[in-house]
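Asker: Given the coordinates of chain A, work out where chain B should sit on it, guided by the hints.
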Amino acid sequence: MTNLSKGYGFSKALSEVNFDIHWGESLAVLGPNGSGKTTLIKMLAMLVKEDAGEIIISGNDSKLSKFEIWNKIGVVLHQDLLYSHMTVEENLRFFARMFNLKNVDSRVRELAKLLDLRQKLSDKVGILSHGYRRRVSIARSIVHDPPIFLMDEPESGLDNISQELLEGIIDQKIKKDGAVLATTHIIDRVPIWASKIIFLNTGKIVKKENINGASALDIKKSYADLFED
Amino acid sequence: MKQFISTVFLLFKKDLLIDYRRKDLFFSLLFFSLLVIFIFDYILGGSSSVLLSIVPALFWIAVMLGATLGISRALSLEIQNGAFYGVLLTPVSRESIFLAKVISMVVLMTFMELILILAMVILFDFWFFNIFYFLGGILLTTVGLATVGVFIAYISGNTTVAEVMMPLLFFPIILPLIVGGVEIMDFALWGGDVVAMYKWLGFVFVFDMLFITVCSFSFGLIVRE
Chain A
500 MTNLSKGYGF SKALSEVNFD IHWGESLAVL GPNGSGKTTL IKMLAMLVKE
550 DAGEIIISGN DSKLSKFEIW NKIGVVLHQD LLYSHMTVEE NLRFFARMFN
600 LKNVDSRVRE LAKLLDLRQK LSDKVGILSH GYRRRVSIAR SIVHDPPIFL
650 MDEPESGLDN ISQELLEGII DQKIKKDGAV LATTHIIDRV PIWASKIIFL
700 NTGKIVKKEN INGASALDIK KSYADLFED
Chain B
285 MKQFISTVFL LFKKDLLIDY RRKDLFFSLL FFSLLVIFIF DYILGGSSSV
335 LLSIVPALFW IAVMLGATLG ISRALSLEIQ NGAFYGVLLT PVSRESIFLA
385 KVISMVVLMT FMELILILAM VILFDFWFFN IFYFLGGILL TTVGLATVGV
435 FIAYISGNTT VAEVMMPLLF FPIILPLIVG GVEIMDFALW GGDVVAMYKW
485 LGFVFVFDML FITVCSFSFG LIVRE
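So the sequences go chain by chain: A and B.
Here the numbering used here = 1-based position in the first sequence + 499.
Here the numbering used here = 1-based position in the second sequence + 284.
Calculated from the structure, these hints are not laboratory results.
Everything hinted at is true.
Below are the BS3-like pairs computed for lysine-lysine, each with C-alpha atoms no more than 30 Å apart in a straight line:
hint, chain 1, residue 1, chain 2, residue 2
1, A, Lys565, A, Lys695
2, A, Lys675, A, Lys571
3, A, Lys565, B, Lys286
4, A, Lys601, B, Lys286
5, B, Lys286, A, Lys562
6, A, Lys623, B, Lys307
Residues of chain B clear of chain A, computed beta-carbon distances all greater than 12 Å:
hint, residue
7, Ala341
8, Ile387
9, Phe412
10, Ile415
11, Met481
Bear in mind the structure is a predicted one, so any value in this text is a computation, not a measurement.
Built from N, CA and C at the ideal position, the CB exists for glycine as well.
Same shape as in the complex, but just chain A (with noise of 0.2 Å):
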């Protein structure tokens, strides 16, 4: 992405934001509330509207290429994207239909497996615990296999159990040559599936860094000497 601007009102929500992520990597990106991470995943996902910038996804400008752009992303945002008076089952077989993929069964029955929803799939999304309701946002979110993953804070809510399979999911996705982008407030796992880091602070950049090894309390330093007194 390059220059990209936003503002709401008065407020810009960022400023001037440039990165390129490659294939294979996996960026996390950290700030403190408020610094604009949401709207930065928002605007990658094309929820948002940039005011000013350039945002091209695996080759394609986001102004022209809406639909190509919305096969290759997963979003995980705050919300859970899910219908509530629908089953699990019904949510990712209506997910995969938006999709248009040929093979719904295998593909429900196989997130269903990854994410271990198994015994969850008539329940409505509705009653799910918290966890749970994450965990069939994952699965709504890779339903299409998509290359890239985008998530705005994907581990909040999650137990150890879920935080562990959606490092695996991660993981799969860097093997295969995908792309992971996520923002996080768990620092202590970072290291664990990120390979770059950028630290952002009201809606701007202040700094880049590959993990190259950095342990949590690197990255924990690094985030203190940044944003707090």
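Answerer: Below, chain B without anything else, positioned relative to chain A:
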């Protein structure tokens, strides 16, 4: 085109399933509209001659108020729990998302209107001069109501004053449509000038086509923040 129709059908089927499971939406719409009728009946003291003369206007006022409540409630829930964004993240045309929502609202509202008119027939003791004009009239007028209602509900749903914004924008736009609906229903109930009625039918049809076209193509612009 085939893809477009199958997407509209898929989204419509999903809405129908949710409406069936969430019975509260249909019943709140129906009871609210029935309440308006009962209030008018009570205020006018059961005077059948006065009530009969205003049956078409009364019917459409009740539907209009019920639609305001129902459409904004249906869409605000979908926006609040984020499911709507899930749909926006799929590679389907924004027009198909809009049309599917309009069709599902038309089905819900027509079902409600048929129960409402049945209640009015029992309460006020009248029958139709021509029931086919009545059915055609309510279908055409409901399409216009649902089209404008869904479009405005999405605009106002993203504001902090959705409850106020919806009627403020909705009522002035649909006023000519309601006048058309009342005129067609007046003919369908009591008979009269058939040429004038066809002019109103034509007007409502043009209103529907105009707003379906404009709102469908503008929908993609309003759903992106």
